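The chain contents come next:
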Amino acid sequence: MSAALQGVEALRTVTAPSPRRRRRRSSVNGGTNWWVTALIAVCSLTVLIPLYFTIITALKTPDQLGGTGFEWPTSVRWENFSDAYQLTNFPRALMNTALITVGAVVLTLLTNSLVAYAIARNMHKKFFRGLYFYFLAAIFVPFPIIMLPVVKETALLGLDTPVGLILLYTVYGLSFNIFIFVAYIQSIPIELEEAARMDGASTWGVFWKVVFPLLAPMNATVGILTCVWAWNDFLLPLVVLSDPSAQTLPLAQFIFQGQFNTNYTVAFASYLMALAPLLIVYVIAQKWVVSGVMRGSVK
Amino acid sequence: MIASSTLVACSSADDQVVNLDFFQFKPEAVKEFASLIDDFEAKNPDIHVVQNVVPDPDTAIRTLLVKNKVPDVLTLNVSGNFAELARACVFANLSDEAPASSVNPAVQKIVQTLGSCDQGSGPEVNALPFASNASGILYNPQIFAENGVEVPTTWDELLAAAQTFKDNGVNPFYCTMKDAWTAAPAFVNLGGTLMPDGFFDKLRGEGSDLDTVSFSKDFSDAAQKEVKLYSFCQDDFASRDYASGNKAFGAGDSAMYLQGSYAIPAIRATNPDAQIASFPYPVTNDPDSRVVVSGVDVGLSIGRDTPHRKEAQRFVDYLMSPEVVQSYSEAQSTFSPLKNAVPNADPALAGLEPYFTDGRIIGFIDHQIPASIPLVNMLQSLVLTGDSEAFLSDLDSEWSKVAARTATARKGKS
Amino acid sequence: MTAPAASATRRAAPPRRRSGRTPRAFFWMVVPAVVIFFGLHTIPVLTGMFFSLTNYAGYGTWDLVGLSNYVNLFLDDRVLNSYGFTFGFAIVSTVLVNVIALAIALGLNARIKFKTAFRGVFFIPYVLAILIIGYVFNYLFANSFPAIFESLGITGLSGNILADPNFAWIGIVITTVWQAAAFNVILYLAGLQTIPGEIYEAAGIDGASAWRRFWSLTFPLIGAYFTINMVLSFKSFLQVFDQIVALTNGGPGTSTESIAMVIYRGGFQGGEYGYQMANAVVYLFVIILVSFIQLRFLQRREASY
Numbered sequence: 001m002s003a004a005l006q007g008v009e010a011l012r013t014v015t016a017p018s019p020r021r022r023r024r025r026s027s028v029n030g031g032t033n034w035w036v037t038a039l040i041a042v043c044s045l046t047v048l049i050p051l052y053f054t055i056i057t058a059l060k061t062p063d064q065l066g067g068t069g070f071e072w073p074t075s076v077r078w079e080n081f082s083d084a085y086q087l088t089n090f091p092r093a094l095m096n097t098a099l100i101t102v103g104a105v106v107l108t109l110l111t112n113s114l115v116a117y118a119i120a121r122n123m124h125k126k127f128f129r130g131l132y133f134y135f136l137a138a139i140f141v142p143f144p145i146i147m148l149p150v151v152k153e154t155a156l157l158g159l160d161t162p163v164g165l166i167l168l169y170t171v172y173g174l175s176f177n178i179f180i181f182v183a184y185i186q187s188i189p190i191e192l193e194e195a196a197r198m199d200g201a202s203t204w205g206v207f208w209k210v211v212f213p214l215l216a217p218m219n220a221t222v223g224i225l226t227c228v229w230a231w232n233d234f235l236l237p238l239v240v241l242s243d244p245s246a247q248t249l250p251l252a253q254f255i256f257q258g259q260f261n262t263n264y265t266v267a268f269a270s271y272l273m274a275l276a277p278l279l280i281v282y283v284i285a286q287k288w289v290v291s292g293v294m295r296g297s298v299k
Numbered sequence: 001m002i003a004s005s006t007l008v009a010c011s012s013a014d015d016q017v018v019n020l021d022f023f024q025f026k027p028e029a030v031k032e033f034a035s036l037i038d039d040f041e042a043k044n045p046d047i048h049v050v051q052n053v054v055p056d057p058d059t060a061i062r063t064l065l066v067k068n069k070v071p072d073v074l075t076l077n078v079s080g081n082f083a084e085l086a087r088a089c090v091f092a093n094l095s096d097e098a099p100a101s102s103v104n105p106a107v108q109k110i111v112q113t114l115g116s117c118d119q120g121s122g123p124e125v126n127a128l129p130f131a132s133n134a135s136g137i138l139y140n141p142q143i144f145a146e147n148g149v150e151v152p153t154t155w156d157e158l159l160a161a162a163q164t165f166k167d168n169g170v171n172p173f174y175c176t177m178k179d180a181w182t183a184a185p186a187f188v189n190l191g192g193t194l195m196p197d198g199f200f201d202k203l204r205g206e207g208s209d210l211d212t213v214s215f216s217k218d219f220s221d222a223a224q225k226e227v228k229l230y231s232f233c234q235d236d237f238a239s240r241d242y243a244s245g246n247k248a249f250g251a252g253d254s255a256m257y258l259q260g261s262y263a264i265p266a267i268r269a270t271n272p273d274a275q276i277a278s279f280p281y282p283v284t285n286d287p288d289s290r291v292v293v294s295g296v297d298v299g300l301s302i303g304r305d306t307p308h309r310k311e312a313q314r315f316v317d318y319l320m321s322p323e324v325v326q327s328y329s330e331a332q333s334t335f336s337p338l339k340n341a342v343p344n345a346d347p348a349l350a351g352l353e354p355y356f357t358d359g360r361i362i363g364f365i366d367h368q369i370p371a372s373i374p375l376v377n378m379l380q381s382l383v384l385t386g387d388s389e390a391f392l393s394d395l396d397s398e399w400s401k402v403a404a405r406t407a408t409a410r411k412g413k414s
Numbered sequence: 001m002t003a004p005a006a007s008a009t010r011r012a013a014p015p016r017r018r019s020g021r022t023p024r025a026f027f028w029m030v031v032p033a034v035v036i037f038f039g040l041h042t043i044p045v046l047t048g049m050f051f052s053l054t055n056y057a058g059y060g061t062w063d064l065v066g067l068s069n070y071v072n073l074f075l076d077d078r079v080l081n082s083y084g085f086t087f088g089f090a091i092v093s094t095v096l097v098n099v100i101a102l103a104i105a106l107g108l109n110a111r112i113k114f115k116t117a118f119r120g121v122f123f124i125p126y127v128l129a130i131l132i133i134g135y136v137f138n139y140l141f142a143n144s145f146p147a148i149f150e151s152l153g154i155t156g157l158s159g160n161i162l163a164d165p166n167f168a169w170i171g172i173v174i175t176t177v178w179q180a181a182a183f184n185v186i187l188y189l190a191g192l193q194t195i196p197g198e199i200y201e202a203a204g205i206d207g208a209s210a211w212r213r214f215w216s217l218t219f220p221l222i223g224a225y226f227t228i229n230m231v232l233s234f235k236s237f238l239q240v241f242d243q244i245v246a247l248t249n250g251g252p253g254t255s256t257e258s259i260a261m262v263i264y265r266g267g268f269q270g271g272e273y274g275y276q277m278a279n280a281v282v283y284l285f286v287i288i289l290v291s292f293i294q295l296r297f298l299q300r301r302e303a304s305y
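Protein chains in written order, with our numbering: chain A, 1 to 299; chain B, 1 to 414; chain C, 1 to 305.
To be clear, the hints were calculated from the coordinates, so they are not data collected in a lab.
Nothing here was measured: the structure is a model prediction, and the numbers come from that model.
Some clues are possibly wrong.
Unchecked claim - Residues of chain A placed beyond 12 Å of chain C at every Cβ, according to the derived structure:
hint, residue
1, Thr-57
2, Phe-70
3, Leu-87
4, Thr-111
5, Leu-148
6, Glu-153
7, Phe-260
8, Ala-274
To be verified - List time: in silico SDA-like cross-link candidates among lysine to any residue, alpha-carbon distance up to 20 Å:
hint, chain 1, residue 1, chain 2, residue 2
9, B, Lys-43, B, Pro-55
10, B, Lys-67, A, Pro-162
11, A, Lys-126, C, Arg-111
12, A, Lys-126, C, Ala-25
13, A, Lys-126, C, Trp-28
14, B, Lys-69, A, Leu-157
15, A, Lys-152, B, Lys-67
16, B, Lys-31, A, Phe-90
17, B, Lys-67, A, Pro-244
18, B, Lys-69, A, Lys-287
19, B, Lys-67, A, Gln-86
20, B, Lys-31, A, Gln-86
21, A, Lys-209, C, Ala-25
22, A, Lys-287, C, Arg-111
Unchecked claim - Chain B residues, not near chain A, derived (Cβ > 10 Å throughout):
hint, residue
23, Lys-26
24, Asp-38
25, Ala-98
26, Gln-112
All residues carry an ideal CB built from backbone N, CA and C; glycine is no exception.
Whole structure, please, built from the sequences with the hints as guidance.
What follows is the structure, given as structure tokens:
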């Protein structure tokens, strides 16, 4: 246990943001570091080359696959995208996935940060400290242990639906999210909350009006991770959802993987279509991380 | 919408539309089934069929069982997995239904051998074969003609043919050992033909001891022949996968291809004009001993406790009608499992078709081996290393371990 | 640990004034979560553990079999081999992922051009579907890399690494590192953002070499991030499954079969659910044990800065 306690002490500091300080960007000799830019550009090739491969594969006809794989398509087949659109019932699958993802992200941000706040501010009490470890331990549980019991339970409770999935993502994300939220909240000076309390705010009011806005950078990080998880997850929707019309994108996309015949070109087109919204979310959230830190620094 | 109409269907009289939940495991056949469903619904306006194409059907069906939501009608690959579920009495008994009598008995026997529900009144019929596949050797008739090679009918002729191609600088076989399972088709042909009668029954009977029969004792010829065949593969056969094999064979890069009828649509996807023909494995030097290994690619089942048994049966009857079975088999390069069926006119299947119609077929022996044994991975090692003794003793040891574990399970039951 | 850790610890000190009574609102904040978490996570865990004492196949009837599943586990060389492979894989991948991700994060945090674009690029592997990754890397390993090595005259490397029983794991490591680095880059970037620029000035080593600045300031300041990333990545690599299915499916032979793969294949596809649940329970305790050992070790290191 003492090892665990020490562990937590150190981990708690992990996401400490130093919200009152200015970011480094504003400091010393503001020129661009071209050497590092070049190095990063070269490194990014390891990502861009497979990405190029993916994109041109999505543009080919099946008989053009092969060779080195890097050849420019001899004739571009845009129908791969429209085929993928039709075969996956794209609008419906996209809508299902988007609803589940948005639901999971919103519910996660609202509830997980709240739980983390209560724990972070009462870590000196046995009950809350115990809870912290209880939630934390779940990070280490491998999914196969809970898979079939969860399927059974969700079906019994009528949660074998998108709503149930949202709940599951929120609950299963709790362990990791509490871990990083608690660390972050503990680094927020308590004086801010006390000032609000003096003005007559309740504990709830303090959280929603003072703490939650300060969590913006962490919310962005947790939001990204939850979003990617819920968007791409295959196994949980596969085993939990019962109604075929609730199929998410990762499930619908399996239609290209036949038992003896995988339709790679159309599958790749379909995966690219599913990837685009995530990239947009990431770029937006990235800016939010930065601006959140800046906002913190104003206080 | 769907939920409400289901409720209505459950609670009211026959004049309402009944929703059938149709679990369809084959992603490549979605379009075929969709148009069949349209046709069926036009003829049966009181039934609405919802096709549910699931990824990873083995996992999906198990979760549906856990949820107690067995679909009304199912298609499943009739394999060892299917048999386990059938033995657990998950599916309805179809033996008294009309289509059961129209099925080619040799095909139905393959289904029954795997096992079915038996609640005291004898084994039931839990799946009707809708489409059958066959595993033989695919070959390129043009390359055969150019090299003056006839279709081999004996093991020695097969080796001679392979040697001729090799000497002429043509790849005899295009092998794809990057995907372990591609070693299995040859093995099920060799092992299925060469194993003693009732091998698996005896093996299961002796528990974990393996005293009287074992893979080491009874499969060494098969294992060695497998290694021999794979010695005629192209140089980089360990690196190539199934997709590249289909493309290579379709492009005429090898004379033969150790795959079954199920690979034909995939080969044609890479080259619609691919030269494909087929012949059964000549496993021994007796041409008359040749058989074709056949499996039921798509079996039709009905959930045991479906509230819409009658409607489900009508849908199954429709699917099992000769016209539907035939049109499906032509679209998917499969064989019709019905008696007196019109032979599939696909030239690629012509070499195997007569064996099928005559009932000279045997089942896939890998369906007899529990899925917890990594058979295909072990076969992959076998053909890569050529060490048949290690393969056989590993297989015996895995079998024995699983037998011991299920034996303790049985003890727990008593 | 230096400044931020110390200040965080100071700030983390509980508000003593109210230590007597906890406002009731705090309980309302956690109790519903605890109840739901217990219902949807803890109960399934206990149920799964219970089934490890049965011969349940995942459907149908079952009976209690005592500890025989656990006994059989230690007699199963296939399970033992999968532990060996999984640990070796996880150790190598964890080290590589963290070194590479930290380097990339440092680069992305430096004063470079096109920062947002590059950050987006390094995020891509994290969101690519495993089918794509599997196909692309399978293809690269089968065709592109051998061709490159052959043209360089290195014939020893001109085969498909994934087809070699001795080296296939390296191919899996490369693919895994490629994909997993993105997640760690995000966390390291979050860590680097917390380091104020003035610290470098204050420490008076603004003119020091980048290397020295990194070791004497940056790395100690994000030491806690290093710990968290090491523990989390090791834990998730111990659960490796998808990449292997996509790349080798456990082959050649059973040389790259991971623990999760054995559990999934035997338990959910092979009908030995009870037996594989025993495997999963052992696996859970191994993960927890290893993670705590790792935490202790890494914290000692952190403390020594």
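Do the hints match the structure? See the list:
| no. | hint | verdict |
| --- | --- | --- |
| 1 | Thr-57 | violated (8 Å) |
| 2 | Phe-70 | violated (7 Å) |
| 3 | Leu-87 | holds (15 Å) |
| 4 | Thr-111 | violated (6 Å) |
| 5 | Leu-148 | violated (6 Å) |
| 6 | Glu-153 | violated (6 Å) |
| 7 | Phe-260 | holds (15 Å) |
| 8 | Ala-274 | violated (7 Å) |
| 9 | B:Lys-43 <-> B:Pro-55 | violated (30 Å) |
| 10 | B:Lys-67 <-> A:Pro-162 | holds (16 Å) |
| 11 | A:Lys-126 <-> C:Arg-111 | violated (45 Å) |
| 12 | A:Lys-126 <-> C:Ala-25 | holds (17 Å) |
| 13 | A:Lys-126 <-> C:Trp-28 | holds (17 Å) |
| 14 | B:Lys-69 <-> A:Leu-157 | holds (14 Å) |
| 15 | A:Lys-152 <-> B:Lys-67 | holds (5 Å) |
| 16 | B:Lys-31 <-> A:Phe-90 | holds (16 Å) |
| 17 | B:Lys-67 <-> A:Pro-244 | holds (15 Å) |
| 18 | B:Lys-69 <-> A:Lys-287 | violated (46 Å) |
| 19 | B:Lys-67 <-> A:Gln-86 | violated (30 Å) |
| 20 | B:Lys-31 <-> A:Gln-86 | holds (11 Å) |
| 21 | A:Lys-209 <-> C:Ala-25 | holds (15 Å) |
| 22 | A:Lys-287 <-> C:Arg-111 | holds (16 Å) |
| 23 | Lys-26 | violated (6 Å) |
| 24 | Asp-38 | holds (16 Å) |
| 25 | Ala-98 | holds (29 Å) |
| 26 | Gln-112 | holds (23 Å) |
Checked against the numbered hints listed earlier, the structure breaks hints 1, 2, 4, 5, 6, 8, 9, 11, 18, 19 and 23; every other hint is satisfied.
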